[in-house]
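Novice: Given next are the chains, with one letter for each unit.
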Amino acid sequence: MWSTSGPGVSVPPGALDCWVFLSCLEVLQRIEGCCDRAQIDSNIAHTVGLWSYATEKLKSLGYLCGLVSEKGPNSEDLNRTVDLLAGLGAERPETANTAQSPYKKLKEALSSVEAFEKHYLDLSHATIEMYTSIGRIRSAKFVGKDLAEFYMRKKAPQKAEIYLQGALKNYLAEGWALPITHTRKQLAECQKHLGQIENYLQTSSLLASDCHLTEEERKHFCQEILDFASQPSDSPGHKIVLPMHSFAQLRDLHFDPSNAVVHVGGVLSIEITMYSQMPVPVHVEQIVVNVHFSIEKNSYRKTAEWLTKHKMANGIINFPPETAPFPVSQNSLPALELYEMFERSPSDNSLNTTGIICRNVHMLLRRQESSSSLEMPSGVALEEGPHVLRCSLVTLEPGANKITFRTQAKEPGTYTLRQLCASVGSVWFVLPHIYPIVQYDVYSQEPQLHVEPLADSLLAGIPQKVKFTVTTGHYTIKNGDSLQLSNAEAMLFLCPVESRAVVYSNTREQSSDAALRIQSSDKVTSISLPTAPAYHVIEFELEVLSLPSAPALGGESDMLGTPEPHRKHKDKQKTGHCMVTTDHKVSIDCPWSIYSTVIALTFSVPFRTTHALLSSGTRKYVQVCVENLSELDFQLSDSYLVDTRDSTDLQLVPLNTQSQQHIHSQQSLFFVWELTWTEEPPPPLHCRFSVGFSPASEEQLSVSLKPYTYEFQVENFFTLYNVKAEISPPSGMEYCRTGSLCSLEVLITRLSDLLEVDKDEALTESDEHFSTKLMYEVVDNSSNWAVCGKSCGVISMPVAAQATHRVHMEVMPLFAGYLPLPDVKLFKYLPHHSAHSSQLDADSWIENDSLSVDKHGDEPPDSSSLKSRGSMQSVCSGEHKGLPMPRLQALPAGQVFNSSSGTQVLVIPSQDDHVLEVSVT
Amino acid sequence: MAVCVAVIAKENYPLYIRSTPTENELKFHYMVHTSLDVVDEKISAMGKALVDQRELYLGLLYPTEDYKVYGYVTNSKVKFVMVVDSSNTALRDNEIRSMFRKLHNSYTDVMCNPFYNPGDRIQSRAFDNMVTSMMIQVC
Numbered sequence: 001m002w003s004t005s006g007p008g009v010s011v012p013p014g015a016l017d018c019w020v021f022l023s024c025l026e027v028l029q030r031i032e033g034c035c036d037r038a039q040i041d042s043n044i045a046h047t048v049g050l051w052s053y054a055t056e057k058l059k060s061l062g063y064l065c066g067l068v069s070e071k072g073p074n075s076e077d078l079n080r081t082v083d084l085l086a087g088l089g090a091e092r093p094e095t096a097n098t099a100q101s102p103y104k105k106l107k108e109a110l111s112s113v114e115a116f117e118k119h120y121l122d123l124s125h126a127t128i129e130m131y132t133s134i135g136r137i138r139s140a141k142f143v144g145k146d147l148a149e150f151y152m153r154k155k156a157p158q159k160a161e162i163y164l165q166g167a168l169k170n171y172l173a174e175g176w177a178l179p180i181t182h183t184r185k186q187l188a189e190c191q192k193h194l195g196q197i198e199n200y201l202q203t204s205s206l207l208a209s210d211c212h213l214t215e216e217e218r219k220h221f222c223q224e225i226l227d228f229a230s231q232p233s234d235s236p237g238h239k240i241v242l243p244m245h246s247f248a249q250l251r252d253l254h255f256d257p258s259n260a261v262v263h264v265g266g267v268l269s270i271e272i273t274m275y276s277q278m279p280v281p282v283h284v285e286q287i288v289v290n291v292h293f294s295i296e297k298n299s300y301r302k303t304a305e306w307l308t309k310h311k312m313a314n315g316i317i318n319f320p321p322e323t324a325p326f327p328v329s330q331n332s333l334p335a336l337e338l339y340e341m342f343e344r345s346p347s348d349n350s351l352n353t354t355g356i357i358c359r360n361v362h363m364l365l366r367r368q369e370s371s372s373s374l375e376m377p378s379g380v381a382l383e384e385g386p387h388v389l390r391c392s393l394v395t396l397e398p399g400a401n402k403i404t405f406r407t408q409a410k411e412p413g414t415y416t417l418r419q420l421c422a423s424v425g426s427v428w429f430v431l432p433h434i435y436p437i438v439q440y441d442v443y444s445q446e447p448q449l450h451v452e453p454l455a456d457s458l459l460a461g462i463p464q465k466v467k468f469t470v471t472t473g474h475y476t477i478k479n480g481d482s483l484q485l486s487n488a489e490a491m492l493f494l495c496p497v498e499s500r501a502v503v504y505s506n507t508r509e510q511s512s513d514a515a516l517r518i519q520s521s522d523k524v525t526s527i528s529l530p531t532a533p534a535y536h537v538i539e540f541e542l543e544v545l546s547l548p549s550a551p552a553l554g555g556e557s558d559m560l561g562t563p564e565p566h567r568k569h570k571d572k573q574k575t576g577h578c579m580v581t582t583d584h585k586v587s588i589d590c591p592w593s594i595y596s597t598v599i600a601l602t603f604s605v606p607f608r609t610t611h612a613l614l615s616s617g618t619r620k621y622v623q624v625c626v627e628n629l630s631e632l633d634f635q636l637s638d639s640y641l642v643d644t645r646d647s648t649d650l651q652l653v654p655l656n657t658q659s660q661q662h663i664h665s666q667q668s669l670f671f672v673w674e675l676t677w678t679e680e681p682p683p684p685l686h687c688r689f690s691v692g693f694s695p696a697s698e699e700q701l702s703v704s705l706k707p708y709t710y711e712f713q714v715e716n717f718f719t720l721y722n723v724k725a726e727i728s729p730p731s732g733m734e735y736c737r738t739g740s741l742c743s744l745e746v747l748i749t750r751l752s753d754l755l756e757v758d759k760d761e762a763l764t765e766s767d768e769h770f771s772t773k774l775m776y777e778v779v780d781n782s783s784n785w786a787v788c789g790k791s792c793g794v795i796s797m798p799v800a801a802q803a804t805h806r807v808h809m810e811v812m813p814l815f816a817g818y819l820p821l822p823d824v825k826l827f828k829y830l831p832h833h834s835a836h837s838s839q840l841d842a843d844s845w846i847e848n849d850s851l852s853v854d855k856h857g858d859e860p861p862d863s864s865s866l867k868s869r870g871s872m873q874s875v876c877s878g879e880h881k882g883l884p885m886p887r888l889q890a891l892p893a894g895q896v897f898n899s900s901s902g903t904q905v906l907v908i909p910s911q912d913d914h915v916l917e918v919s920v921t
Numbered sequence: 001m002a003v004c005v006a007v008i009a010k011e012n013y014p015l016y017i018r019s020t021p022t023e024n025e026l027k028f029h030y031m032v033h034t035s036l037d038v039v040d041e042k043i044s045a046m047g048k049a050l051v052d053q054r055e056l057y058l059g060l061l062y063p064t065e066d067y068k069v070y071g072y073v074t075n076s077k078v079k080f081v082m083v084v085d086s087s088n089t090a091l092r093d094n095e096i097r098s099m100f101r102k103l104h105n106s107y108t109d110v111m112c113n114p115f116y117n118p119g120d121r122i123q124s125r126a127f128d129n130m131v132t133s134m135m136i137q138v139c
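Those sequence lines, one after another, are chains G and E.
Residue numbers for the first sequence, in the working numbering: 1 to 921.
Residue numbers for the second sequence, in the working numbering: 1 to 139.
Note that these hints are calculated values from the structure, not bench results.
Honestly, I wouldn't trust all of these hints.
Quick list of simulated restraints, FRET-style, between CB atoms [said to hold, decoys possible]:
id, chain 1, residue 1, chain 2, residue 2, range
1, G, 193, E, 42, 34 to 42 angstroms
2, E, 133, G, 23, 34 to 42 angstroms
3, E, 41, G, 122, 24 to 32 angstroms
Derived contacts from chain G toward chain E, CB cut-off under 8 angstroms, selection only [stated by the list, open to error]:
id, residue
4, 31
5, 35
6, 49
7, 115
8, 118
9, 137
10, 139
11, 142
12, 174
13, 175
14, 182
15, 185
Every residue, glycine too, gets a C-beta built ideally from N, C-alpha and C.
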């Protein structure tokens, strides 16, 4: 149907075009003649092809006949035109009389330049309009491009530009590389004619980087830019700002130091890789990075700790390939960075909401924006700021180029790299935003001193290592700078002979090490620091020794029943196995500050000591238990127990055989002394236990260690009463039997005459005879015995040696076997009327009491520390006043000796008992 | 017999476009690009039809003086455009149809390649060979 290149027929050039043109118009006219306007409009899709074809043919006829040029047709063109017009022949009679016919139109169009222009424009506009009305934008743009070409021929570039821009936008949006390049080339010419320098240079730069052009064409456009740039500018300082991406692309960026953190005065170098898109080497006068500076206050990022702890993997930041003009489409968008998100309610941690968040949504949005403004040179603004990184006189070779910026850090803060500009003469290529965000930090730091133990906790009494860390910050350690440590009273700094200080740079590279010189006097230990530049770290280790501070408690222990540390131990025992701690404060004068740094070191006492008084009849033994609470093993040696009063009446005979003993972690060791006396009754014993100790692991210690001491007091240990219990089988029987009553006989014997300790409220005097009231109680905690009848009673005990009181009661064994005897407890029975006197005597009463258990007051007597003793006293006395009841007071442990404790009685099962009870506990 | 074969993504950018090396490449680019107007028109007209009845072959898009442009659209809106010489009158609609089917199969193979990122330009040698075979077949 459309084929016009029929074989065998030779026609002059243009004749077929004329024929096609006429045919198209004839058909269209015929259609117009038989349809109304609405029908035509609805069928544009079918007719527009003919319109377009006719336009095309008219265009080619115009070019053929020299009608599309500035000068008009030459003689050859005119000859050709005459031939064509002659070939048309005469108009056919049916249309000859009409004003408008395709024949007339063609004839007229070919007759003059002006007429051709009119007809061609009419046709083109009509075609474009039709295409646009049915949504065939691409076709409309294509016809528009032809029109632009026509205008360019007619030297009317201002009219051509709009068509070229429209077409180019369309091709860019859909990413058609070859049409883009071709249209751009046309546009460049148009812009050149129009004198749009900036636009022309930008288009040129795009074309120079366009790989679809030949090398020569690219060089030509590149040269256009360079020529312009080298021209002396008529207005100096005028800059032509062009986008960077067509000129060169930022590929990666590398910081040195790699964590991008430098101290004030430090040198930072930034190496960037720029990939030049130009076909020839370009001499760039300077490359400038605009930097935005912001002060971030209290930023942890800028401290030396952060610096040493956080290290970026390599300090290299890669930039995603910058949007090349092709293809501007979805595939050039970065991948979505999606993350799960959970939001939990703060109260019960239950899941409230969950979702997916896109971390780089700003980037996706940014891209769309920039792609639409790709051809807008005005979109790029040159930022001016006080902070710039500069690199001058660089030649960018085609391809990758490495450019290094060096800067010395000045003000502390965060510096964000914003714009990258490259200047070639008056032409500036600008990358308006550097993305991803690149920043470096400059910090300034005050010098600091840290003292920390090497182990988890410091143990008192043995040398322990502590690490000193001096962060020099902005201070430079000069020769002769030293740390002045004012010695704490009970803590020593030991100076190992070969201690060395190591100086590290702030990237933890060891830069030097030096021997440490330490001078000690009574008050001050002076450590001279090695010289170190600013922003370095000096580290060294020293040993500290905390001396046991026991002697300070001497005065108190006289007054109180038990020494203070002991009390503390008992308190701690309730909460768990904690070590007693002591804090030592050291004040250190640093050369960089007029203020002293106070450092508190906490030492834990590795041992816990308890003591006990053991009796065997009238013989007495003192037992000291040392428990190792620490993680270390110790060697204990030279244990002593000495009477601090140094009374000649008392002697302590050690029963410990080994002089050296090993105590493992969490182990206890017992020491026993027998207490003998020459005079009765013996005075109270104030004694001090001391034992030398040293860590078992260390062979040789540089210092002699002070022994561990423990002071305590034992009173009223002289045995006053002997309690003897005896169970005898019922009469006539050989053994006790379960279920049958046996008799329990308790024998309470007074062993001494009236003593000082007996003088209390319970003592009554009649006829030179003294007696005291005692209460006994038979208790069987293990439920082996059932006590029948009264299990307790009050007896009046004559205060005289060998006075004996005998108590009978009935008990029934509940089980068979060797049963231990029930316990017999003895209390002092204080009458109620003594309330007044007890208050007077409260101090002494409480003092006695603290060693033993108070039966009356329900609260344990030593649940309180020294401070609360007063309040407890008032509680007790208040009770005395309000309740006139007799009080019971337990006798001190040493005063009663139960001679039958530990004895057992054989109970055999009753014969008629067929039930065998087995209790497994 | 085909002088230009193009595969165009859903978003109308070319995934693959190849024309006979003897001819002006640019001309075919413009031609294929312009034909997308008709493809869009046909697709939107076809949109109402049921999916399973949808004809993937779009038929002749438009004729020019020297060439005929045929279109084909996959269910995922990827377009195939083929330009054939008008002088080749021996070419029937059925043959065009089978060529498109071949193209579609080959394209599916490309998509099945796990190393191919959907949306990237097609750089498969197998696909290339198939297109070459279609372009030299009769000539």
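Novice: For which of the previously enumerated hints does the structure constitute a violation, in increasing order of number?
Specialist: 4, 5, 7, 8, 15
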